Amino acid sequence: KQEVTQIPAALSVPEGENLVLNCSFTDSAIYNLQWFRQDPGKGLTSLLLIQSSQREQTSGRLNASLDKSSGRSTLYIAASQPGDSATYLCAVRPRGNKLVFGAGTILRVKS
Amino acid sequence: AAGVIQSPRHLIKEKRETATLKCYPIPRHDTVYWYQQGPGQDPQFLISFYEKMQSDKGSIPDRFSAQQFSDYHSELNMSSLELGDSALYFCASSLSQGAAVGGNTIYFGEGSWLTVV
Numbered sequence: 001k002q003e004v005t006q007i008p009a010a011l012s013v014p015e016g017e018n019l020v021l022n023c024s025f026t027d028s029a030i031y032n033l034q035w036f037r038q039d040p041g042k043g044l045t046s047l048l049l050i051q052s053s054q055r056e057q058t059s060g061r062l063n064a065s066l067d068k069s070s071g072r073s074t075l076y077i078a079a080s081q082p083g084d085s086a087t088y089l090c091a092v093r094p095r096g097n098k099l100v101f102g103a104g105t106i107l108r109v110k111s
Numbered sequence: 001a002a003g004v005i006q007s008p009r010h011l012i013k014e015k016r017e018t019a020t021l022k023c024y025p026i027p028r029h030d031t032v033y034w035y036q037q038g039p040g041q042d043p044q045f046l047i048s049f050y051e052k053m054q055s056d057k058g059s060i061p062d063r064f065s066a067q068q069f070s071d072y073h074s075e076l077n078m079s080s081l082e083l084g085d086s087a088l089y090f091c092a093s094s095l096s097q098g099a100a101v102g103g104n105t106i107y108f109g110e111g112s113w114l115t116v117v
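These protein sequence lines are chains F and H, in that order.
Letter by letter, the first sequence follows residues 1 to 111 of my numbering.
Letter by letter, the second sequence follows residues 1 to 117 of my numbering.
So here's chain H without its partners, still in its complex pose (with noise of 0.2 Å):
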């Protein structure tokens, strides 16, 4: 069965650099979700889009923007990258049932290593 798909896989960058990464949830999933999990801590949420909107916001950074296309996929873009943003991004998707049904199981990608140096 396919899987979330996140590229690129491991990304290097300089600080103050730029960094996007990508991401293709599982077919007909409508909802697409980011996490940062830094070295050694548990998955920190950055952001969420249902149907192309954003839908939930977390802990995301000013300098990091996202958005969700047509095709359902989605790009988290990072700027003016600090050393603190090394880490393992997520994308995940699921197909939402609505709130009274209680939630689809969330997927996730294998994650996107950001490393800033």
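The shape of chain F in the complex, shown without the other chains (with noise of 0.2 Å):
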């Protein structure tokens, strides 16, 4: 059963600094793996995807990385801003059309 584990729980940092948010992931077979934003009582932005056969993708200030065989991947915030306080989930796509979440990280960028 696939099971997928982000750290930390909880972060806080200043505005401005650069910070790393960590998922795992048990079952390397996967499809893809996404990321996704989530503000108090909303729903879920896709932030980035990456395809199995991928090593990394970029959008803006954000750069997630996978390396599938170990089962991990990184996203990557650049000069972190008051805007991006949200919750940060990620979900693997196992076969079949469901995707697996982590519990996510909540993070607080202080002003």
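Hint data in this document are derived by calculation from the structure and do not stem from the laboratory.
Hints are supplied without guarantee of correctness; some may be wrong.
[To be verified] 20 Å max Cα-Cα, derived SDA-like pairs, lysine to any residue:
{"hint": "1", "chain 1": "F", "residue 1": "Lys42", "chain 2": "H", "residue 2": "Gly40"}
{"hint": "2", "chain 1": "F", "residue 1": "Lys68", "chain 2": "F", "residue 2": "Gly96"}
{"hint": "3", "chain 1": "F", "residue 1": "Lys42", "chain 2": "H", "residue 2": "Gly3"}
{"hint": "4", "chain 1": "F", "residue 1": "Lys42", "chain 2": "H", "residue 2": "His10"}
{"hint": "5", "chain 1": "F", "residue 1": "Lys42", "chain 2": "H", "residue 2": "Gly38"}
Bear in mind that the values here come from a model prediction, so they are computed numbers and not experimental data.
Join these two chains into a complex; the hints should help.
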């Protein structure tokens, strides 16, 4: 059974810092991995999708890497801003249609 | 750009009542998913449809059923509601490219808040 773990569970940083969120998964047989952002009581906003054959994806200040063989992904956020404060969820897509989510990392960026 | 539309956004029901949630996927997306997110929990997959046929099933209770219609919108029907069904219900959609390609981005709606009292 695929399990996804995210570390740390919560993170508080001053504005301007670069930070790394970690995601690990137990079964490397995945099609892709997706990073989401969720604001309190809101929907999930897709940030980046990495296919199983890819090593990384970049979008603006965000960079996500994937090491499928070791079951790890990282989300790097450069020059963090208070508006980045949210819960960040990592999800893997094994065979089939469902996504398996991690519990998320709650990020707070202090101004 | 059009996103996934869910209705209603908020719903309050009493125990043992029935509730129906609606989802309108992004135009031309052929796959619809339903997820349930309890308070402080990560989203749990319930069920998905591809081209109006059920394609995958997760932890969906027998009291729940879902279907996708000819116009691709989907409905999640929940009967004999229990207090534990109180959660945020997400619908998501994607355009399938087949397993060989790895799958496209899955886009989520804003969710429907169900409170059972």
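Structure-based check of all given hints:
no.: 1; hint: F:Lys42 to H:Gly40; in the structure: holds, 13 Å
no.: 2; hint: F:Lys68 to F:Gly96; in the structure: holds, 18 Å
no.: 3; hint: F:Lys42 to H:Gly3; in the structure: holds, 14 Å
no.: 4; hint: F:Lys42 to H:His10; in the structure: holds, 12 Å
no.: 5; hint: F:Lys42 to H:Gly38; in the structure: holds, 13 Å
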